[in-house]
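Construct the complete structure from the given sequences, taking the supplied hints into account.
Going by the numbering used here, the first residue of the sequence shown is number 1, and it counts up by one from there.
In case anyone wonders, no lab produced these hints; they're calculated from the structure. Be careful, since some hints might not be right.
Derived DSBU-like pairs (lysine-lysine); straight-line CA-CA distance at most 30 Å [said to hold, decoys possible]: (1) Lys64 <-> Lys111; (2) Lys221 <-> Lys200; (3) Lys221 <-> Lys194; (4) Lys111 <-> Lys273; (5) Lys221 <-> Lys111; (6) Lys111 <-> Lys100.
Pairwise CB distance ranges (calculated) [unchecked claim]: (7) Ala44 <-> Ile141: 18 to 24 Å; (8) Arg179 <-> Val16: 54 to 60 Å; (9) Ser58 <-> Arg144: 49 to 55 Å.
From the three backbone atoms N, C-alpha and C, an ideal C-beta is built for every residue, glycine too.
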Amino acid sequence: MNAHTATARAENTQPVHIGDHLREWRQRRHLSQLDLAGDAEISARHLSFVETGRAAPSREMVLKLAERLEVPLRERNVLLVAAGYAPAFPQRSLDDPALKPARAAIDLVLKAHEPNPALAYDRHWNLVSANRMVAPLLQGIPQRLLGQPLNILRLAFHPEALAPRTVNLAEWSSHLLERLHRQCEATADPELLKLYSELKGYPMPARPAPLSSDNVAIPFKLRLDGDVLSFISTTMIFGTPVDITLSELALETFFPADELTAERMRKLAANLK
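In structure tokens, the structure reads:
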């Protein structure tokens with residue numbers, strides 16, 4: 001599914017019955033009724049009745065089908081409401097007292113990762129929090145591009161932001177677009193689909209030949225004050241979240257890919273004290 005088709009489906013298709021929702025998610029996962037019924041341990045006939053509105057699923061069945069379809073928690077609430085049940089998963093601000101332990105864990109990870117950059121972002125790639133080592137890498141970017149909400153991907157692609165400083169822009173931008181495309185496919189989130197279309201519109205160099213088999217990851221190479229800093233990144237998520245906000249939160253941590261970068265980050269950290 002390309003971005004245009006996906007956007008059209010997200011904007012024009014508004015299923016209101018639980019069966020319509022389930023069919024949409026099943027087709028998005030490229031599963032037949034027989035496949036999904038087998039995974040959920042129900043008969044294909046019963047699933048067909050649910051999808052056509054001839055049978056009403058129990059709350060437990062809705063949740064079981066949603067789990068098998070890997071439906072995001074936010075959309076599982078939509079399925080429950082469409083079936084006539086109350087939502088099961090709360091959505092709270094990170095400032096909510098109930099999420100204080102989670103916020104403390106996020107802050108701990110970000111702080112412990114210094115002197116290397118690390119940040120947390122939401123489902124739309126908007127910055128939630130960052131450690132002290134991110135700001136030095138953004139020096140010189142126009143303030144109007146750093147306002148809230150600060151979208152990390154838009155910052156990476158914008159010609160007045162990180163794009164002209166990214167030495168391997170073709171590789172890095174292609175990598176980010178592929179990640180976003182997979183996320184669009186998994187969630188069908190209209191905002192993500194719009195973001196994908198926007199980023200595709202930025203002028204980007206053609207991607208070079210595939211990476212050598214010697215490479216273990218695509219590095220992020222950033223020019224800073226005459227040096228080229230090279231990082232590899234990892235993404236962390238909460239393992240078993242039951243809160244929508246936490247399920248949609250990701251932590252991106254960057255590690256030096258060479259000694260020059262490691263030394264430069266140590267010096268930057270020392271200057272920040």
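Keeping to a limit of 30 Å between CA atoms, is the pair of Lys111 and Lys273 held or broken?
-> Roughly 14 Å separates the two Cα atoms, so the pair holds.
Determine whether the Cβ-Cβ distance between Ala44 and Ile141 falls within the hinted range of 18 to 24 Å.
-> violated, 55 Å
Given the hinted pair Lys111 and Lys100, is their alpha-carbon gap at most 30 Å?
-> Holds: Lys111 and Lys100 sit about 16 Å apart, inside 30 Å.
Could you grab the alpha-carbon distance between Lys221 and Lys111 and see if it respects the 30 Å cut-off?
-> holds, 23 Å
Range agreement (Cβ of Arg144 with Cβ of Ser58, hint 49 to 55 Å) | For Ser58 and Arg144 the Cβ distance comes to about 52 Å; the hint holds.
Is it true that the CA of Lys221 sits at most 30 Å from the CA of Lys200?
-> holds, 21 Å
Lys64 paired with Lys111 [C-alpha distance capped at 30 Å] = The hint is violated at about 38 Å.
Just tell me: holds or violated, for the beta carbon distance of Arg179 and Val16 against 54 to 60 Å?
-> Check failed, 31 Å falls outside 54 to 60 Å.
Compare the distance between the alpha carbons of Lys221 and Lys194 with 30 Å, and conclude whether the hinted pair is satisfied.
-> holds, 27 Å
In the structure shown, a violation is registered for the earlier hints numbered 1, 7 and 8, in ascending order.
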